[in-house]
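Student: With these hints in hand, go ahead and build the complete structure from the sequences.
4 protein chains.
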Amino acid sequence: MIKIALVGATGIVGQQAIVSLINHPWFKITKLAASERSAGKKYRDALKDANGASKWWCPEDMPEEIAEMVVEDAALFDPTTVDMIFSTVDTSAAKELEPKYAKTTPVISTASAFRYEEDTPILIGGVNMEQAQLLDIQRKKRDWKGFIAPKSNCTISGLVVSLKPVLDKYGVKQVIMVSQQAMSGAGRTPGLSAMDMTENVVPYIPGEEPKVETEPQKILGKFVGDAIVAAPFGISATCTRVPVLDGHLVSAFVQTEKPCTPDEVKEVMKDFGREFCALALPSSPKHLIEVTDDPFRPQPRVDRERGGGMTVTVGRIRKDPLFANGIKYVCLAHNTKLGAAKGALQTAEYLAKYYLKLI
Amino acid sequence: MIKIALVGATGIVGQQAIVSLINHPWFKITKLAASERSAGKKYRDALKDANGASKWWCPEDMPEEIAEMVVEDAALFDPTTVDMIFSTVDTSAAKELEPKYAKTTPVISTASAFRYEEDTPILIGGVNMEQAQLLDIQRKKRDWKGFIAPKSNCTISGLVVSLKPVLDKYGVKQVIMVSQQAMSGAGRTPGLSAMDMTENVVPYIPGEEPKVETEPQKILGKFVGDAIVAAPFGISATCTRVPVLDGHLVSAFVQTEKPCTPDEVKEVMKDFGREFCALALPSSPKHLIEVTDDPFRPQPRVDRERGGGMTVTVGRIRKDPLFANGIKYVCLAHNTKLGAAKGALQTAEYLAKYYLKLI
Amino acid sequence: MIKIALVGATGIVGQQAIVSLINHPWFKITKLAASERSAGKKYRDALKDANGASKWWCPEDMPEEIAEMVVEDAALFDPTTVDMIFSTVDTSAAKELEPKYAKTTPVISTASAFRYEEDTPILIGGVNMEQAQLLDIQRKKRDWKGFIAPKSNCTISGLVVSLKPVLDKYGVKQVIMVSQQAMSGAGRTPGLSAMDMTENVVPYIPGEEPKVETEPQKILGKFVGDAIVAAPFGISATCTRVPVLDGHLVSAFVQTEKPCTPDEVKEVMKDFGREFCALALPSSPKHLIEVTDDPFRPQPRVDRERGGGMTVTVGRIRKDPLFANGIKYVCLAHNTKLGAAKGALQTAEYLAKYYLKLI
Amino acid sequence: MIKIALVGATGIVGQQAIVSLINHPWFKITKLAASERSAGKKYRDALKDANGASKWWCPEDMPEEIAEMVVEDAALFDPTTVDMIFSTVDTSAAKELEPKYAKTTPVISTASAFRYEEDTPILIGGVNMEQAQLLDIQRKKRDWKGFIAPKSNCTISGLVVSLKPVLDKYGVKQVIMVSQQAMSGAGRTPGLSAMDMTENVVPYIPGEEPKVETEPQKILGKFVGDAIVAAPFGISATCTRVPVLDGHLVSAFVQTEKPCTPDEVKEVMKDFGREFCALALPSSPKHLIEVTDDPFRPQPRVDRERGGGMTVTVGRIRKDPLFANGIKYVCLAHNTKLGAAKGALQTAEYLAKYYLKLI
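Going line by line, the protein sequences match chains A, B, C and D. Using this note's numbering, you'd call the opening residue of the first sequence number -14 and step up by one each time. Using this note's numbering, you'd call the opening residue of the second sequence number -14 and step up by one each time. Using this note's numbering, you'd call the opening residue of the third sequence number -14 and step up by one each time. Using this note's numbering, you'd call the opening residue of the fourth sequence number -14 and step up by one each time.
A couple of the hints might just be wrong.
Any copy, or any two copies together, can satisfy a pair, since identical chains are not distinguished.
[Stated by the list, open to error] Dumping the calculated SDA-like pairs for lysine to any residue here, alpha-carbon to alpha-carbon at most 20 Å: (1) 196 - 53; (2) 40 - 171; (3) 304 - 192; (4) 158 - 310; (5) 158 - 306.
The set of hints was computed from the structure by calculation and includes no laboratory data. Since this is a predicted model, take the numbers as computed values, not measurements.
Tutor: Here is the structure:
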């Protein structure tokens, strides 16, 4: 088994990572680390709040052996005691901790701290695995034995997966999108206020639109020589928060380079990712994309768990009336699975097998 | 007092019309009409369901004198007994009933049945009052003493009000928009299913997008000769339903003809409608548009009641990164007030005073 | 495999029965029946509404082989073609159809039509299996080869499971309870109105309180001679509807015959059902009751899936300040699993193995 | 005009007090005080959070003249500069600040700090105005020129108003109740977590049940000699939190001393409070109680604003099947109006006119 340390274990993304790793065939969590406040406590106790209530938020039960593990101080953690590190800490902690760990050990990160570094790919399963080569450059340049491989922003994971086959076949000129994002994206302590999110929409998510308007081009870029050349299309986004627990819905308007019909787009989306899915990584779904013909779908509550939360559901593919070549559609991705812990895990599986060759 | 008949009185829009007309200084409901099923019953009783529960949905109490009025059969109703008719029936009933009434009596309608007729304006207070002249053509052509003046689709009311000053000053080339529409727009019996609308978004509203993509151009068109020349811009829309009671939120991306800064747009929006508001119609707000600087606004639950539900709130005005000349913003309008009964009432007030000269 | 017909297959409870039977080790659905309207159609098509949207409401995918089965007309269905029948039709249909089927074939029913017949037990797994003997009386008296075995009202399933060990050890004198019931209990077409259930509570559920105030005494009664003698305690209930998808929460105040401490009650609840669970029926959970020490629990969304939706979660067990001998607590049961299709399935499993000896 | 200082002005209850006092015919806010953090800032600015968003939570606009007032430090505030003080600070601050103010100035408080003091009445408009005499004892004993008059716990305000006429006519032996409390009762910063309150019920509110089980007896007690003799009945309560914005719903089971029918109870409730309402205090409703015959009512969202949020709505009055003499019913009170700022204001109006004789 590949020994994994989970750093940031007490947060909501850390908890989801734990759940994703239950009975994993390759990986085993052997270390938990978190901030000094939790250090030295059993995991179960580290999650208790002042009222004695548990801050374990996942519907799945906390695994007993995880509950009994003693949490270490992330600042003092020795990365050489494990094979890989899952880092689910926040951005400011990631900036400090992840490079320290990466000196010796591969780090898969859910934070945005290193996403925009030139020598760092933002890997999404089945979309840009060839960009993993950039990690060689990163390691060489920074003199690291390990590396830092961050996941993408959760909002764009569904957009990027659905755009990739369109880009490959028809080219993409520009994208306009409005997101309707689930509340779990805002974390849990305290997270969003219940009264703000009751029969209401909040049309702003601080810091989100700049990420959404720039990450996809890098992710969908080409690895040329020893760098990524971003895909040359623009994105304009409005990001909103809706009273939904999980599942980010994106309404996309895509102007393509070449003409394409909705039926053609449907076909390339349905075909997309066959090779990657055929690798049968433990966290991969059967299909990267499912296209629904039900005009009322995708819906967050109903469709988010498709493919174990790893399949993007696309619906309402239709001609855009404005663009000479263009389509519009709605896509849905599970923000805390594909868009966070489980998506990072899928990347870790790929890297463990095909890049690090640990399997 | 101007005598008003309310036809379609038992429906949710009819109820909202009743509430809008409580203590109205000019208008008095003297007749109620509805389908045969309700005919002959007191209004209070016509609203009782099989369990004895009242289907009066408004938060305001049902006015006692309305409760005691006996509902007439809309099919047999004599339109000459009143000065004006408010029709809040559905589209198929409107097609049949409204022309019968219009032979003798002005009809203000919330239905879409006549919106797309060449000789029929879609009037929105402060936006296109000059199009009221088209009613002369309509009356002449159809040999009516009255007329039919329909309100617009509720989803676009906020968009159209906010676009008008931009169009006048900078020109509009194209608009892309995503709506997040409140549940009250789907009516009440049965309306939407509670389970569908629990922590969920439904990305489709049957029949909505074609209206949204065509009505604004007519409303914002010019009255030239004896017809309306539609404004020459295209719209692409995705309409979604969110778990909000009232208030349709629209995320708009607007490409303009001339360059404009967000600050300039903010100013023209704030200035918009002064003359119309100065007419001080009973249902008019102080401002047609309020622009908020709070990046988290407008929010449906918090902002929908501004100006008695007749003010459009606009926020997040910013440069669009894609269009050479373009802005994006979020706007909110109360779908059952500005977008329905009360918006129609404001139009009725305008027409009663300035077109029919009854005041 | 035991051949099962599912009658009422298109309704929400029927759908849940289908899901409960996926990969069942003993039972196989070989026939689907529903009303005349669905007869002759493939199941998949029978669920499509006028807009082409699927009325399949379960989060699990519709099993492909079920989707392809042709639905029969329940009125014409031949019960001798199967070993057991699952009836999930509504009460009025149940009154007519179930006795016809029972002439030849055992019927497990989710309807209330026969619950209050003297010769009919209301079986709940682990609570009153000895009452299955009453089916002998029923068959003899009615000259049936089969029988009708209905499940209980969904609201009381959690109450009855939690009361049983208290009754056995301390006696129960009276129970006062307030339910907060999930929306799925009201069905789906059309089910509850979204606007009624938005940030609201409806303090009345037609027909519910009389069931809640009488079924538990029969279920918890003793089988003496050839009849059930109801447990001699009274219940007073107020049943309310809350904006929750699944999971009925009951706040109970229980006056006992003998003194008992909260800790003692906790222990008898935790111990309850060991023997029954040891039978390891396919649908049984590991524990009939889980007692939580977290004062903020049980919560419907968080705890309803415990034990695959078959475990009752009890919390807040404390001394009642009014009764000399009394406790109060909160309990939660999954209304569409334990309280409906899956609870009925567990009963079917018990009866198949220990009463019919088909296994 | 009577000069009022509002201490705790930045909190949600303080904001509601401001709204309640807009255009008040007798009272004028001349001073605002809050914690040191807000001191020296204009009220408008004191409400801005780090993102520049306003923490003004009321649907009504912030009054311009309040927005411009400079907030004073509550710890340094000179109570002699006003005629009365509204204190909406939390309990720990109330313990320290209110006695300092009361030395010279009457204090109306929404905090619980002094509710359980023997010399302090808990006044509710129309229920126990005669207990205002206890303030004489309080002032004498503590050598205060002013006094402290706290409002009751918000959850019991509806219960106490509805119990009073029953107690007077039939006597009350014991009460069992389950509350379904709105989220606004938990405050706003941060208040409840949105994810906890999404399609969920939380069956525990820290510290609530002890208040609910003891305050009503004091409030409904008799002023005898120079003390209050508590009403001699017991209460057992379970308090739960539901996803509702405003309005606490209570399901009550009331054992009475004398027999009474639901119709009789309905009549005494409808008649209740006539004399008090006839005083026509500015914040008083026309009726303290409205009894609804609609079995589906009262509902929080629909009925909470009756009588400007000051009327208690009672429904579902019916015979209790357990108690020889008993009824059960459901009642609703607006927790942030009758149960908080506006209820306190009504008490202030009463005391200003009939106790302090300032009017």
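Student: Against this structure, judge whether each hint is valid.
Tutor: So, going through the hints one by one against the coordinates:
no.	hint	in the structure
1	196 - 53	neither (38 Å within a copy, 38 Å between copies)
2	40 - 171	both (15 Å within a copy, 19 Å between copies)
3	304 - 192	between (31 Å within a copy, 16 Å between copies)
4	158 - 310	both (9 Å within a copy, 17 Å between copies)
5	158 - 306	both (16 Å within a copy, 13 Å between copies)
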